[in-house]
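A.B. asks: What follows is the residue order along each chain.
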Amino acid sequence: MVGDVLVTSNKITEHSDSNMTQAGMHTDKNNNGKNKNCKSFLEKITEKTFLICSLISILSLITISVFIFANGTSIFFKVGFMDIILGMVWKPLEGKFGILPMIVSSLYVTAGATLIGVSVGLMTAVLLAEISPKKLSGIIRPAVELLAGIPSVVYGFFGLIVVVPLIDRYLGGGGNSLLAAIIILSIMILPTIVSISETSIRAVPKEYKEGSLALGASHIETIFKVILPAAKSGIFAAIVLGMGRAIGETMAVILVIGNTPLIPNSLIERARTLTSNIAIEMGYAQGLHRESLFATGVVLFVFIMILNIILNVFIRKAGEIN
Amino acid sequence: MKLRKVRDTLLKLLIWLCGFITVGTLAWILIYILINGFSHLSLDFIFSEYKGDSHGILPMIINTIYIVLLSLIISTPIGIFSAIYLVEYSKPGKILMLIRFATETLQGIPSIIYGLFGFIFFVTFLKLGFSILAGALTLSIMVLPTIIRTTEEALKTVPVSYREGSLALGATKLQTIMKVVLPSAISGILNSVILSIGRIVGETAAVYLTAGMVTRFPRSIMDSGRTLSVHLYMLAKEGLSFEEAFSTATILIITVAVINSITNMIAKKIKKSTVGT
Numbered sequence: 001m002v003g004d005v006l007v008t009s010n011k012i013t014e015h016s017d018s019n020m021t022q023a024g025m026h027t028d029k030n031n032n033g034k035n036k037n038c039k040s041f042l043e044k045i046t047e048k049t050f051l052i053c054s055l056i057s058i059l060s061l062i063t064i065s066v067f068i069f070a071n072g073t074s075i076f077f078k079v080g081f082m083d084i085i086l087g088m089v090w091k092p093l094e095g096k097f098g099i100l101p102m103i104v105s106s107l108y109v110t111a112g113a114t115l116i117g118v119s120v121g122l123m124t125a126v127l128l129a130e131i132s133p134k135k136l137s138g139i140i141r142p143a144v145e146l147l148a149g150i151p152s153v154v155y156g157f158f159g160l161i162v163v164v165p166l167i168d169r170y171l172g173g174g175g176n177s178l179l180a181a182i183i184i185l186s187i188m189i190l191p192t193i194v195s196i197s198e199t200s201i202r203a204v205p206k207e208y209k210e211g212s213l214a215l216g217a218s219h220i221e222t223i224f225k226v227i228l229p230a231a232k233s234g235i236f237a238a239i240v241l242g243m244g245r246a247i248g249e250t251m252a253v254i255l256v257i258g259n260t261p262l263i264p265n266s267l268i269e270r271a272r273t274l275t276s277n278i279a280i281e282m283g284y285a286q287g288l289h290r291e292s293l294f295a296t297g298v299v300l301f302v303f304i305m306i307l308n309i310i311l312n313v314f315i316r317k318a319g320e321i322n
Numbered sequence: 001m002k003l004r005k006v007r008d009t010l011l012k013l014l015i016w017l018c019g020f021i022t023v024g025t026l027a028w029i030l031i032y033i034l035i036n037g038f039s040h041l042s043l044d045f046i047f048s049e050y051k052g053d054s055h056g057i058l059p060m061i062i063n064t065i066y067i068v069l070l071s072l073i074i075s076t077p078i079g080i081f082s083a084i085y086l087v088e089y090s091k092p093g094k095i096l097m098l099i100r101f102a103t104e105t106l107q108g109i110p111s112i113i114y115g116l117f118g119f120i121f122f123v124t125f126l127k128l129g130f131s132i133l134a135g136a137l138t139l140s141i142m143v144l145p146t147i148i149r150t151t152e153e154a155l156k157t158v159p160v161s162y163r164e165g166s167l168a169l170g171a172t173k174l175q176t177i178m179k180v181v182l183p184s185a186i187s188g189i190l191n192s193v194i195l196s197i198g199r200i201v202g203e204t205a206a207v208y209l210t211a212g213m214v215t216r217f218p219r220s221i222m223d224s225g226r227t228l229s230v231h232l233y234m235l236a237k238e239g240l241s242f243e244e245a246f247s248t249a250t251i252l253i254i255t256v257a258v259i260n261s262i263t264n265m266i267a268k269k270i271k272k273s274t275v276g277t
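Residue numbers (our numbering), protein chains in the order written: chain F, 1 to 322; chain D, 1 to 277.
Keep in mind the hints are simulated off the structure, nothing from the lab. Even for Gly, the Cβ is constructed at its ideal location relative to N, Cα and C. Some hints here could point you the wrong way.
Facing chain F, according to a computed beta carbon distance under 10 Å, are these residues of chain D, among others [what the hints assert, rightly or not]:
{"id": "1", "residue": "2"}
{"id": "2", "residue": "3"}
{"id": "3", "residue": "38"}
{"id": "4", "residue": "52"}
{"id": "5", "residue": "73"}
{"id": "6", "residue": "81"}
Straight line, CA to CA, 27 Å or less: simulated DSS-like cross-link-like pairs of lysine-lysine [as the list claims (entries may be wrong)]:
{"id": "7", "chain 1": "F", "residue 1": "39", "chain 2": "F", "residue 2": "134"}
{"id": "8", "chain 1": "F", "residue 1": "48", "chain 2": "D", "residue 2": "268"}
{"id": "9", "chain 1": "D", "residue 1": "12", "chain 2": "F", "residue 2": "39"}
{"id": "10", "chain 1": "D", "residue 1": "271", "chain 2": "F", "residue 2": "206"}
{"id": "11", "chain 1": "D", "residue 1": "271", "chain 2": "F", "residue 2": "44"}
{"id": "12", "chain 1": "D", "residue 1": "237", "chain 2": "F", "residue 2": "135"}
{"id": "13", "chain 1": "D", "residue 1": "156", "chain 2": "F", "residue 2": "48"}
{"id": "14", "chain 1": "D", "residue 1": "268", "chain 2": "F", "residue 2": "91"}
{"id": "15", "chain 1": "F", "residue 1": "209", "chain 2": "D", "residue 2": "5"}
{"id": "16", "chain 1": "F", "residue 1": "225", "chain 2": "D", "residue 2": "2"}
{"id": "17", "chain 1": "D", "residue 1": "5", "chain 2": "F", "residue 2": "44"}
{"id": "18", "chain 1": "F", "residue 1": "209", "chain 2": "D", "residue 2": "269"}
{"id": "19", "chain 1": "F", "residue 1": "232", "chain 2": "D", "residue 2": "12"}
{"id": "20", "chain 1": "F", "residue 1": "135", "chain 2": "D", "residue 2": "272"}
{"id": "21", "chain 1": "D", "residue 1": "156", "chain 2": "F", "residue 2": "135"}
{"id": "22", "chain 1": "F", "residue 1": "44", "chain 2": "D", "residue 2": "272"}
{"id": "23", "chain 1": "D", "residue 1": "12", "chain 2": "F", "residue 2": "225"}
{"id": "24", "chain 1": "F", "residue 1": "39", "chain 2": "D", "residue 2": "91"}
{"id": "25", "chain 1": "D", "residue 1": "94", "chain 2": "F", "residue 2": "134"}
{"id": "26", "chain 1": "D", "residue 1": "237", "chain 2": "F", "residue 2": "134"}
{"id": "27", "chain 1": "D", "residue 1": "268", "chain 2": "F", "residue 2": "135"}
Short derived list, chain D residues pointing at chain F, Cβ under 8 Å [said to hold, decoys possible]:
{"id": "28", "residue": "18"}
{"id": "29", "residue": "217"}
{"id": "30", "residue": "240"}
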């Protein structure tokens, strides 16, 4: 016991300026050689337990990837990669597994939602960080947070009962449409974009702003020509995160988009995204049909991976700047 | 000079307009659903079963609670232990990078993919069937990154001097973690748990494909059960009853609002205590 204390305190003085985790590791090593009592055994066991727990996330990721890919890639060889990815006809019961319409619709929906969500969200972030009085920001910010927490299916329901009838009344076509999905998704990604952009706008050093103002630029000019460019990595990260949320959203989209597996020719036509394709047909799909849904999942997975890589690049850049 | 002023004013107007759109949309959604929901909401609706003429949501509430508790029982210890390992034990290196990569990727995977995975792995491969257990297992993987991330942040705010003090007094590393570090980080850890509750309650796609949609009271965790969010989805999708859908949505929104205010309270407390030291 005494040795234990001595070793520990010894190490503390030696490593007092290095970080704690390293000091801890050294202590453990020294303990091993000197006294193998029950306490240090317990220490070892718990450390291993902690390590195993943290390996579970790696294990989960591997299992998820393996099972999705194992179930979703064999159909590419059976039916033909091109026939699936570039196929225009989705009739799984007749052996036609073309998911191009879903890929195109997913991209349309994501692009549309990002365009609207980013323009409105970024301006809201500017308002919160730079323009509105502190008190007002203090009211708006929790409201935006609440918006982020609301379950997606509630948005879908709102879209179904409010947005769809409005589109039907003013633009025709029944209302269930690409446009309805874009509107609902842009509302859903707003909170993500507002809060992350606001954080990165606030992280811009005060000197930038002061310098620009001192040179005679107006506040608005400073915002658009100095602050926003300086915060651009964080803003891009917000955009990519928002895109990820838009392309991955399922239930809200199913409720408003109409789910017809054709490439839409206009905003008020029905469409079906990759996600809704999976959720709608998974309940009753068998055999090759089920595999084709997993293949849809694989395509979605690949899209998300690409977005993740882009996101990591931006986050690293933002980290470097700060 | 005049042109510049006009342009500035226009841009400022645009910014205010966008802020107004954001807040207006939020208010519109909330007010619309709450007003319609409350007009139908009754104790009878909340506390009766979903059988025959009675269209209560009590079974869904019970199912939701089951799934939340079970997911938390599985994911909280794993998440907290991982965070402890990452902050207190791990050295910079390959394992740390791998774990970081894994949690970040897991965070970005859309819920429908979790649903697909849960369906093929827990429901089919492990033969759990559509069950609360399968749903909870799927959701625990889904919320794991949130718990790890938030707990890590909480552990990092504990000053190094606390650890040094404890070690200098002769406490072992484990004692220091259990008796000094964890108690000081408790509110942040609690926050991570509450955040995950919000995510589990709001999840639809992953639960729908793993826990099924039976509207009975669950007899055990091996029973299939429909959560509140899935119930709302079914009501809206099948067009069964918009009144019930409004009320269910109202209950979901109230739950989320309560969860949000708790996390805000905790965040304020953390801020106070860190500013204090």
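A.B. asks: Now look at each hint and say whether the structure bears it out.
C.D. replies: Each hint, compared with the structure:
{"no.": "1", "hint": "2", "result": "violated (13 Å)"}
{"no.": "2", "hint": "3", "result": "violated (12 Å)"}
{"no.": "3", "hint": "38", "result": "violated (15 Å)"}
{"no.": "4", "hint": "52", "result": "violated (24 Å)"}
{"no.": "5", "hint": "73", "result": "violated (14 Å)"}
{"no.": "6", "hint": "81", "result": "holds (4 Å)"}
{"no.": "7", "hint": "39(F) / 134(F)", "result": "violated (54 Å)"}
{"no.": "8", "hint": "48(F) / 268(D)", "result": "violated (35 Å)"}
{"no.": "9", "hint": "12(D) / 39(F)", "result": "violated (65 Å)"}
{"no.": "10", "hint": "271(D) / 206(F)", "result": "holds (23 Å)"}
{"no.": "11", "hint": "271(D) / 44(F)", "result": "violated (34 Å)"}
{"no.": "12", "hint": "237(D) / 135(F)", "result": "violated (41 Å)"}
{"no.": "13", "hint": "156(D) / 48(F)", "result": "holds (21 Å)"}
{"no.": "14", "hint": "268(D) / 91(F)", "result": "violated (55 Å)"}
{"no.": "15", "hint": "209(F) / 5(D)", "result": "holds (19 Å)"}
{"no.": "16", "hint": "225(F) / 2(D)", "result": "holds (19 Å)"}
{"no.": "17", "hint": "5(D) / 44(F)", "result": "violated (69 Å)"}
{"no.": "18", "hint": "209(F) / 269(D)", "result": "violated (32 Å)"}
{"no.": "19", "hint": "232(F) / 12(D)", "result": "holds (20 Å)"}
{"no.": "20", "hint": "135(F) / 272(D)", "result": "holds (20 Å)"}
{"no.": "21", "hint": "156(D) / 135(F)", "result": "violated (31 Å)"}
{"no.": "22", "hint": "44(F) / 272(D)", "result": "violated (36 Å)"}
{"no.": "23", "hint": "12(D) / 225(F)", "result": "holds (14 Å)"}
{"no.": "24", "hint": "39(F) / 91(D)", "result": "holds (23 Å)"}
{"no.": "25", "hint": "94(D) / 134(F)", "result": "violated (44 Å)"}
{"no.": "26", "hint": "237(D) / 134(F)", "result": "violated (42 Å)"}
{"no.": "27", "hint": "268(D) / 135(F)", "result": "holds (17 Å)"}
{"no.": "28", "hint": "18", "result": "holds (3 Å)"}
{"no.": "29", "hint": "217", "result": "violated (22 Å)"}
{"no.": "30", "hint": "240", "result": "violated (12 Å)"}
Checked against the numbered hints above, the structure violates hints 1, 2, 3, 4, 5, 7, 8, 9, 11, 12, 14, 17, 18, 21, 22, 25, 26, 29, 30; every other hint is satisfied.
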